[in-house]
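Chains as they are written, first to last, in this note's numbering: chain A, 6 to 810; chain B, 139 to 309.
Rather than coming from a laboratory, the hints here were simulated on the basis of the structure. Be a bit skeptical, because a hint or two may be false.
[Stated by the list, open to error] Straight-line Cα separation of at most 16 Å, EDC-like style, residue types lysine to aspartate or glutamate; simulated pairs:
#1 A/Lys-361 - B/Glu-221
#2 A/Lys-436 - A/Glu-463
#3 A/Lys-678 - A/Glu-703
#4 A/Lys-256 - A/Glu-337
#5 A/Lys-64 - A/Glu-45
#6 A/Lys-500 - B/Glu-228
Treat the numbers as computed from the prediction; the structure is a model and nothing was measured.
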Amino acid sequence: MDEPKVGVFLSEGGNQSSKVLDYDALASFAKNVAKVVLVERAKEFWRGDGLKAIVNAVKTKKLNRVVVAERLPKLSEVNIVKAVEKAGLNPFLVEVIDLEDHCARPHRNKPAEATAKAKAMLLAAIERAKLLEPLEKLEFPALKSILVIGGGIAGMQTAEDLAELGFEVQLVEKEPFLGGLASRAGRFFPTDDCAICIQAPSTDVKSITHTSRKCVYRSGFTEIQNLNVLTNSKITAVEGVPGNYRVTIEKKPRYVDEQKCIRCNLCAEVCPVEVPDDYNVKLKKRKAIYINIPEVYPPVYVIDEKACKFHECEKCVKVCPTKAVELDQKTEKKTLNVGAIVVATGFEEYDPSVIKEYHYGEYPDVVTNLQLARMIDCFGPTGGSIIRPSTREPAKRIVFVQCVGSRDRRWNPWCSSICCMISLKNAMLVKSADPETDVTICYIDIRTTGREHEYYYERARDMGIKFVKGRPTEIAHDPEDNTLIVDVEDAVSRKFLELEADLVVLATSMVPTQGTKELASMLGIELEQDGFFKEYNAKLRPTETKRKGIFLCGGATFPKDAPTSSLHAHSAALKAAKFLSTGKIVKDQKTAVIDDEYCGDCEFCPVTCPYGAISLVQKGEDHFVAQVSELQCEGCGICVGTCPLNAIELRHYRPSQMLAQMKALMSVNGTSKPLILAICCSECGHTAVDSSGMAMLEYPANVRVMKVPCTGILQIHQILEAFKAGAQGVMVVGCKTDGCHYEVGSPKAKKKVELAKMLLKEYGIEPERLEMFNLVYIEGDKFAEVAQTMTEKLEKMSPLQLSSS
Amino acid sequence: MAHGKTAKSSGKTFLEEVRHMLGGETLASCYQCGTCASSCPVARVSERFNPREVIRQSLLGEKEEILFGDALWLCCSCYNCQERCPQKVEIADVFYALRNLAIREGKMPNIYSEFSAGLMSEGKIVPMSKFLEKKRADYGLPPLKPANMDTLRKILSATGFDKLKKKEEPQ
Numbered sequence: 006m007d008e009p010k011v012g013v014f015l016s017e018g019g020n021q022s023s024k025v026l027d028y029d030a031l032a033s034f035a036k037n038v039a040k041v042v043l044v045e046r047a048k049e050f051w052r053g054d055g056l057k058a059i060v061n062a063v064k065t066k067k068l069n070r071v072v073v074a075e076r077l078p079k080l081s082e083v084n085i086v087k088a089v090e091k092a093g094l095n096p097f098l099v100e101v102i103d104l105e106d107h108c109a110r111p112h113r114n115k116p117a118e119a120t121a122k123a124k125a126m127l128l129a130a131i132e133r134a135k136l137l138e139p140l141e142k143l144e145f146p147a148l149k150s151i152l153v154i155g156g157g158i159a160g161m162q163t164a165e166d167l168a169e170l171g172f173e174v175q176l177v178e179k180e181p182f183l184g185g186l187a188s189r190a191g192r193f194f195p196t197d198d199c200a201i202c203i204q205a206p207s208t209d210v211k212s213i214t215h216t217s218r219k220c221v222y223r224s225g226f227t228e229i230q231n232l233n234v235l236t237n238s239k240i241t242a243v244e245g246v247p248g249n250y251r252v253t254i255e256k257k258p259r260y261v262d263e264q265k266c267i268r269c270n271l272c273a274e275v276c277p278v279e280v281p282d283d284y285n286v287k288l289k290k291r292k293a294i295y296i297n298i299p300e301v302y303p304p305v306y307v308i309d310e311k312a313c314k315f316h317e318c319e320k321c322v323k324v325c326p327t328k329a330v331e332l333d334q335k336t337e338k339k340t341l342n343v344g345a346i347v348v349a350t351g352f353e354e355y356d357p358s359v360i361k362e363y364h365y366g367e368y369p370d371v372v373t374n375l376q377l378a379r380m381i382d383c384f385g386p387t388g389g390s391i392i393r394p395s396t397r398e399p400a401k402r403i404v405f406v407q408c409v410g411s412r413d414r415r416w417n418p419w420c421s422s423i424c425c426m427i428s429l430k431n432a433m434l435v436k437s438a439d440p441e442t443d444v445t446i447c448y449i450d451i452r453t454t455g456r457e458h459e460y461y462y463e464r465a466r467d468m469g470i471k472f473v474k475g476r477p478t479e480i481a482h483d484p485e486d487n488t489l490i491v492d493v494e495d496a497v498s499r500k501f502l503e504l505e506a507d508l509v510v511l512a513t514s515m516v517p518t519q520g521t522k523e524l525a526s527m528l529g530i531e532l533e534q535d536g537f538f539k540e541y542n543a544k545l546r547p548t549e550t551k552r553k554g555i556f557l558c559g560g561a562t563f564p565k566d567a568p569t570s571s572l573h574a575h576s577a578a579l580k581a582a583k584f585l586s587t588g589k590i591v592k593d594q595k596t597a598v599i600d601d602e603y604c605g606d607c608e609f610c611p612v613t614c615p616y617g618a619i620s621l622v623q624k625g626e627d628h629f630v631a632q633v634s635e636l637q638c639e640g641c642g643i644c645v646g647t648c649p650l651n652a653i654e655l656r657h658y659r660p661s662q663m664l665a666q667m668k669a670l671m672s673v674n675g676t677s678k679p680l681i682l683a684i685c686c687s688e689c690g691h692t693a694v695d696s697s698g699m700a701m702l703e704y705p706a707n708v709r710v711m712k713v714p715c716t717g718i719l720q721i722h723q724i725l726e727a728f729k730a731g732a733q734g735v736m737v738v739g740c741k742t743d744g745c746h747y748e749v750g751s752p753k754a755k756k757k758v759e760l761a762k763m764l765l766k767e768y769g770i771e772p773e774r775l776e777m778f779n780l781v782y783i784e785g786d787k788f789a790e791v792a793q794t795m796t797e798k799l800e801k802m803s804p805l806q807l808s809s810s
Numbered sequence: 139m140a141h142g143k144t145a146k147s148s149g150k151t152f153l154e155e156v157r158h159m160l161g162g163e164t165l166a167s168c169y170q171c172g173t174c175a176s177s178c179p180v181a182r183v184s185e186r187f188n189p190r191e192v193i194r195q196s197l198l199g200e201k202e203e204i205l206f207g208d209a210l211w212l213c214c215s216c217y218n219c220q221e222r223c224p225q226k227v228e229i230a231d232v233f234y235a236l237r238n239l240a241i242r243e244g245k246m247p248n249i250y251s252e253f254s255a256g257l258m259s260e261g262k263i264v265p266m267s268k269f270l271e272k273k274r275a276d277y278g279l280p281p282l283k284p285a286n287m288d289t290l291r292k293i294l295s296a297t298g299f300d301k302l303k304k305k306e307e308p309q
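Isolated chain A (complex conformation):
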């Protein structure tokens, strides 16, 4: 590499800075640092003439390192780096520091001390800049094809969006038919729409309008260009990297040719096998060859493998007029190559039979909301009438029990959020079909948080539905007149009620669909404690996961009503499209590098990397070395802090660069106080320092800040080196342990600091000289406070004397 030629640009723009700092002294100080060829001063350098001056200097003076002291570096750095890149210099050779918020403002009452600290900060930036290396912009190819897992309301809408945007979409559904849980709900709140009503894709050229809504089966959904629907299929393996995943699918046979079946129902008529119908939650029986409801997609019968007698019977084969039944179809294995994956696996009803006091599964007239919804659906098992399953007589007295299995620490502690509205909807549908029906809802709290939802509750009261504030303790059965008795205290009237009912409806909890755990482990993404998929960040990245190119939508992250699932689905589609839109993934090269010579067989880094970016590859007979996927590496450096052999370095934050910076920061004191090195993570730690400056808070100038990507990068010997470099105390400032932006970095640093303290004690150094602080960005006041108390604590100790310092 060329000999470093450093240009230093001092912005005096901030009022505070120009009043406090002695810029003449700073400029002459910088000029005398080795390899500095140019020092310029201006009001500001991050825009307008100042920026032009940098560009000009880079071009004319052939600068190859640029150090800028500028206000609001997190904002100005973007502009400066872009301009420098245009001028032909590698953008990674620029170092921007903040003399205002990190120096002039917090030390405004001690100008001499502030100027001394500014010198140290300038020197640190220059020394670091000299050691910076040019890095490349990396590009990785990405396939413009997407796999959507789950064909419910969320998956279908995501798939439709993406297909219409021009991506090749594979929609995989484990059931033989599309529609998911939503399609079984009969009606949706708060619109009272049919549950199978979806937005019609624009394939429907004849009748598409801006407001088109159609049944799943009329929508022509499966005819969308670029969309391939694979029903009866499941994911068995996922390999590859973001932009290029290889997914293995197992497609179970339908035993009916999709092209030949004409849905005449003759096969089901002759089929001799009857089994409980899962689609209708066992409220009726169906044949071994069946479709769920007439409006299903795809409109093709299917054979239930577990029930069919196959060649022993063959009645359907013989009766089929189009010879569509093919009993010898085999399971197909398919490999799909996709750039991204959207998980839309939804949720399902919890089986309430574990709650013994409600006797679900024992008393046939105790049903779930989904079962009631199936009864309300005119294509359902009862043709739309509400009956008591025990006698098939009309149910005239109905009691709903809310929060069954949810908000219950014994089963599922969360509020499933939609069950109040589901019960209100079902209660009103029942009541409007027959106003004579006596309907009572037993609740703990009625939660109607969505738009129009409170109006729904109002209407329910208006219709004469009764509300009892209390959670029943037991549902009893009187065998004499086959009546159910719901035992409940109405807390409002303080009365103990024994509600007689023909039908009791349990508003059961909503839980992740079966197989969620297995799918998560195949995809390499995490689940929350509740078992639903974990989003990257609930506030800002609600449809993304820790793994690039894997997105989430709909009920897979938590139970959602249809409008919210829709919203989530469209949002995920946009994120996936954005990810693949250019056909390549571009990222910088601030990645970890492994020295093969030192790397030796341990598995620390692959296990620790929060992004699964490190794997072990074989080198020699039984020697393995770690390998970093530059595509997946997020540049946190946690692996560096983990490696017991110092075999890993992070580009742009190499130990040599950090050491030079450390030494420089400790080289000038200028105060009478003991020097403290504050090692701050680039996320909350460093920004907390910013915000303390912005808030004009004061702390002593002996506190010197060094930025690292994540505190997880720290190695114990690095902390010791800080003392060797002259620090009397070291503060490690990271994110909250449960809010680390790189997940595990800050808790790991915390442990490491504890270890380092033990080591310090061994060396006869007071362990209190080292502390870890966990702050969030806005806690500038806390930073100022701990900087102050740390200084006071160190002032009480006698100065640290290390042999080499």
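Assemble the complex: chain A is given as a structure, and chain B must be docked to it using the hints.
Then chain B, alone, in the frame of chain A:
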């Protein structure tokens, strides 16, 4: 329900006090669903006791009402409520904590002082009578041996039981 005049002034401290006692830890989890009330055999027959309301008063810090009232002493410890509480509030155990607190404040119903006197003098909360002795013989049970009072007194003294005294009669 009694009017809670102490809700604001001493609310937090009372809640904290109960939560720091053995059995009282889970008190704050209650969300007043009333499963305990409808599970309670006593509440069914007596208006004087409703477990949900006692918990509610504790949460609001109505210390006087709870400790001076008699509701607390009516729990029959069947544990129905505790078994079914969806928030895993250890309701019956909370009542034990509250009773201990009441006794510490010198509020002990007569029957309990009789129990404790019996325990300290004879080692039995129910004194033996001719009737009971005969019943035992009828059932073929051996006659009861006298309790080892030395050991028992040591235990009662070590646990501070012997110092529990009532100061006044609850209303």
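Okay, the hints, checked on the actual structure:
About 11 Å separates the Cα atoms of A/Lys-361 and B/Glu-221, which keeps this hinted pair within 16 Å; it holds. With a C-alpha separation of about 14 Å, the suggested pairing of A/Lys-436 with A/Glu-463 holds against the 16 Å cut-off. For the hint pairing A/Lys-678 with A/Glu-703, the CA-to-CA distance comes to about 15 Å; that is within 16 Å, so the pair holds. A threshold of 16 Å between alpha carbons decides the hint, and for A/Lys-256 with A/Glu-337 the separation of about 5 Å falls inside it, so the pair holds.
For a cut-off of 16 Å, the pair hint linking A/Lys-64 to A/Glu-45 stands: about 15 Å separates their Cα positions. Our distance criterion of 16 Å between C-alpha atoms is broken by A/Lys-500 and B/Glu-228, whose separation comes to about 23 Å.
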